[in-house]
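Enquirer: Residues per chain are reported as follows:
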Amino acid sequence: MRSFKHHNVYSLEEAFTLLRDYKSRARLIAGGTDLLGTLKNDIRLEYPEALINIKTIPDLNGIKEDNEGLKIGALTRLIHIVRSSVIEGKYGLLKEAAGSVGTPEIRNMGTIGGNLCQDTRCWYYRYPNQMGGRILCFRKGEGPCHAIKGDNRYHAIMGGKGCYAVCPSDIAIALTALDAELSVAHKGGERVLPITDFYQTLGHILKPDEILTKIRIPQPPDNAAQAFLKYRLRESVDFSIVSVASVITMKDGICKDTRIVLGAVAPTPFRALAAEESIRGKTLDATTAEAAAEAAVSIAKPLSMNAYKIEITKTLVKRALLSSLA
Amino acid sequence: MSKEYRFIGKRTPRKDALEIVTGKATYIGDIKKPELLYGKILRSPYPHAEITRIKTDKSEALHGVAAVLTYKNVPDWRTGIPRHVPVLDRKVRFVGDAVAIVAAETAEIASEALDLIEVEYEQLPPVYDVEEAIEPDAPQLHADFPRNLMPLDIPTFGPKTLSEVVMGDVEKGFDEADVIAEGTYGYENIANPLPIEPPGVIARWEDENRLTVWSGTQCASWHRFIMQSKMGFPDIRAIDTQCGGSFGSKNYAPLPLFYAAALAKVTGRPVKVCFTKEEHFGAFVLRLGSRFRGKIGIKKDGTVTAVSGVWFVDTGAFSDMAQAQVAVGCGEAQLMLRCPNWDLRTRLVCTNRSASGVVRGFGGQELESALSPILTMAMEKASLDPVEFFKKNYVKPGEGYFWREGNYWVSRGRDYSEAIDSGARAFGWNEKWKGWLKPTAVNGAKRTGVGVGIHGNADVGEDESEAYVRLNPDATATIYVNISESGMGQRSSLCKMAAEVLQLPLARIHITPADTMVNPFEFGLVGSRGTYAVGSAVIEAAEDARQKLLELAAPKLEAAPEDLETRDGSIYRKERPEAGISWSGAMGIMRTCMGFGRFEPDYSVPNFLIQFVEVEVDTETGRVDLRQVLSATDVGQIIDPLSLEGQLHGALGSAGIDTALFEESILDRTTGHMLNINMIDYKWRTFLELPRFENVILETPLPTHRFKAIGVGEIATSPGPGAVLMAVSNALGVKVSEYPLTPDKILRALGKTGRGKTV
Amino acid sequence: MSSMKEEDREKIAFTVNGVSYELEVGNQPYQIAPSHTLAHTLRETLGLTGTKVGCDQGACGSCTVLMDGDPVLSCMTLTVECHGRSIITIEGLQDRQTGKLNPLQQAFIDNTAFQCGFCTPGMIMAAKSLLEKNPTPNKQDVKEALAGHYCRCISHYHVVEAVLEAAKKGR
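Residue numbers (the numbering used here), protein chains in the order written: chain A, 1 to 326; chain B, 1 to 759; chain C, 1 to 171.
One thing to keep in mind: the hints can contain errors.
In silico EDC-like links for lysine to aspartate or glutamate, alpha-carbon gap of 16 Å or less [said to hold, decoys possible]:
(1) B:K752 - A:D285
(2) A:K71 - A:D59
(3) A:K251 - A:D238
(4) A:K55 - C:D110
(5) A:K5 - C:E10
(6) B:K392 - B:D421
(7) B:K752 - A:E294
(8) A:K5 - C:E81
(9) B:K24 - C:D95
(10) B:K32 - C:E44
(11) B:K299 - B:E418
(12) B:K15 - C:D110
(13) A:K282 - A:D252
(14) B:K58 - B:E112
(15) B:K10 - C:E44
(16) C:K100 - B:E19
(17) B:K295 - B:D385
(18) A:K55 - A:E13
(19) B:K438 - B:D385
(20) C:K139 - B:E689
(21) B:K72 - B:D89
(22) A:K90 - A:E65
(23) A:K5 - A:E49
(24) B:K33 - C:E44
(25) A:K5 - C:D110
(26) B:K24 - C:E44
(27) B:K33 - B:E206
(28) B:K91 - B:D144
(29) B:K392 - B:E418
(30) B:K434 - B:D474
(31) B:K55 - B:D115
(32) B:K434 - B:D415
(33) B:K172 - B:E206
(34) B:K300 - B:D385
(35) B:K392 - B:D415
(36) B:K752 - B:E620
(37) B:K392 - B:D463
(38) B:K548 - B:E562
It is worth saying that the hints were derived from the structure and are not from the lab.
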């Protein structure tokens, strides 16, 4: 890698001070499994002058449950989320999603905050500089989106606008289904926002002087059935081609409420509101599940090579819903 | 079955096992030399361009940079077949092609220096499609090769190099056919064999003419005997480290060698060039692209009456050994399809993408995979069981074929019918095969199907090998054979052969490091030749040395040499084992016994593999799971059971069976970039996708050498892709013939997805 | 920018296979640059070349070492962030005095659970961690623990056998 300075910080204050001093020329490093890859391949026009290590800030990791729900520090490593007995069961969706990330070694190193903030995997965006020059594109602020006319098999089938790269985080999908909120700290304060406000087309909305500190998940409703389905070519290493997370509460055979979230089909986690609408108040069976699945993809506008994702999305929505009958 | 041997056929630990499991095995990346410089390469942003201006002074001025070279000042060496690839060219022919090279004190400084080289290009139109490239108005990649057609001769194969299969009368053959199948099909994944270790070379000039090269390659001698002629005949000493996988692609590393040697020459210091993984993906060896346009005629009883067509072979930006693969592909097609009437022509074509090179399967896998859909079409029309078809048509002993050097060979090999039947039985083929385009089972959205493929190669006896075996007074033996270790375990297996001849414990057999200064000529470990060809040389050398030892012992034991035996370092009259003398007693302590062995090429013993596969398709998602693989073969005599199993399992690796499922290099034809040049987007099989895998290995002695064995490692990958197409077609009830069968293709075959449109 | 200096380490101290190292941060050949990965430091600075770099992208597992007992990718770890850590590499598995092999190493030898051997050190480290946390794994447990390990020769089947055998023979 090209060189950079490295600073350990021991408080959020220190981090904010350094971020201010370096202006936009410093990057935060947590687990590093995404950041270091982008630096090695030198994919962006700007290369950081310094890395600010926030792993040394105490109290930013940990899993705590109270009557309101779950609080998870952003620096909590994925392996601890997978192993947590607190998360298992009631928040099982999160365990499934975290357990599906990458490989065991990556889960030992990566943090939940880092996973939520990770950069997209679009292969034009990620093209390594050493192999003939990095590719400039709409997302980088210079150039067109190459996926539109190029190979877009893994790109968005809905919600694309200027950029068609998908949100790579399946934990974001699970947290959206669990109605999570994120705490974002800045110098002198903190704001809380629903996870649905955390992403826009070009990635997360953190300003350069903000740090994601906590994830809060409200207590799920009693007897809520959770499902997480991840479609990819291999059961390890791969990011999703399509993923679905759902929480569904049934009463007397009728769907009382549901949240259905689609992953890897849009630049942000996609709440399939039409699908939720379609199944709310109805009995859950093969026909209603099928209808919900159709509704989920009704607004899909595929590109030249990714229409197949529509069928897979429908299947996953249907199977996620029907799994709650089991 | 086979004789009871002491070492042959027995499970024995590999000689290098201890080094490997303790981390002491040394690969090229682990080696340093005093005053070592690190070389890096600047790469082209365009698929086809002329360099109009290149300035290196800023780069040269960077502290720590020792040299910067461009096309203007590199030595006039040329590699490739024919010799058309310079160290650096004024033209670039693929995104990622080399533009300039830098040597610096550290790899980081060298990389930094690349950014300081100023280059201007004049872009030229690129061409990517193999048939478009030979159109009269196509962009020309090489001035010497109009219409991008490469010559098909290869000097080492001689003047009659096989570049087509033409015999008999195809018109008559098609008239006689009951069924004709015709079409154009491609196997154009240009997959990457992708050994885990990227290629690397250290070069050091000892003086103006003597060059020492260290690298981890599959053929330890090629950096000497092939590269000498490309570089004006310096005296090259090639030393091999352990090699982290090759599968043909690291038989040698001509361009890394060129870069390291050119920088070493100009700096007067040793230079190490180790490719990054990105370079390994985007600027090193890919499989040839293959397209077959033609037809096949068969009779209802499975007799093949005519094969005609054109085989288009795409070698990318230049040709390195493509001609050899065309030749062997043409040979292997004849092994597989017994047919008196052929008109199969070939075209070897350059296109604007990273060049192909040698990959396991060596042309035969490429031709066969492109032929497979036409063959299966014919079999289906005639309602033939494919196993019976393959059994009928694989070359039998006494039948002949033209091999790669153009000579006609008559097979002395085996009738592999028993292996085929054993495999079919073990797989349960008769129960699982329900007929063409019929699933084996349907379970909701999941459909199961089976398929089969075969492959064989007469290269098991290719090329020349020499070996010495030296017997030492302390009853140890040293084998001199220029073999590196790239995964086959052959260094160890050769020790077993010598141990068996000399009846010495394995621990007392040593094998020299792979070093062309020390060892006699050895072609290399390719085409499964290690067991037969190299083995023969080593066995002969061991027997020669043993004979000399017994001749020394004979007068001391008052017997003739033929009445003597040696075991565990004791030499004795056969009838009096208790009254023996030691080796030092026979030869004295200030002497050794040296034996020599040599193998001459023999293309008369084809090997064979049949592979059965079972897949399960989820028709609602397009996912294909490979559930079971069964390979069956006859190797004559197993030398090392675990090494053999490992080689057969290798079907799941090195751009093998998974080229039918998800392995491909994805070339964006709008920009020329290869998009999946990383370990996440290039798909490979993980521990979580292991199918049930069985090997049925018969041992019926073959007319090869003392142990009657042949190898099969190289052909393990070839039958798979065609077999998977067949299995998926059967599962779906719809014929699919495109590689790889990713979900979009499956869903499209099922009519479950429309195409989107560009936004 | 004065707040930076007192927090920046000038020396990084860690142990590798029980041996203590204290390395200076800096840009000289014998120092650790902030951009050096642990894989680089182990191999180039400390000469422990048993840990291999297959991809340098964190996607093949060859560079796996144990960090405070957990398998991590040394090519995606910055050495400057290893202060106070205890690292075990493949070189640390044998008994230093007697040379006696770890049961995993012996099982890999007995099952020829390798072909080219390049992925082997990383796999053995991951398997060692598995057996320490789960002394009685089944086949699926082994496969899941090694799910991030690339082996192109396809020694997977023999590797699974070897790990199960090592588990049986005890640690």
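Enquirer: Run the structure past the numbered hints and jot down the numbers of the failing ones, going up.
Expert: 1, 3, 4, 11, 15, 17, 25, 30, 32, 33, 37
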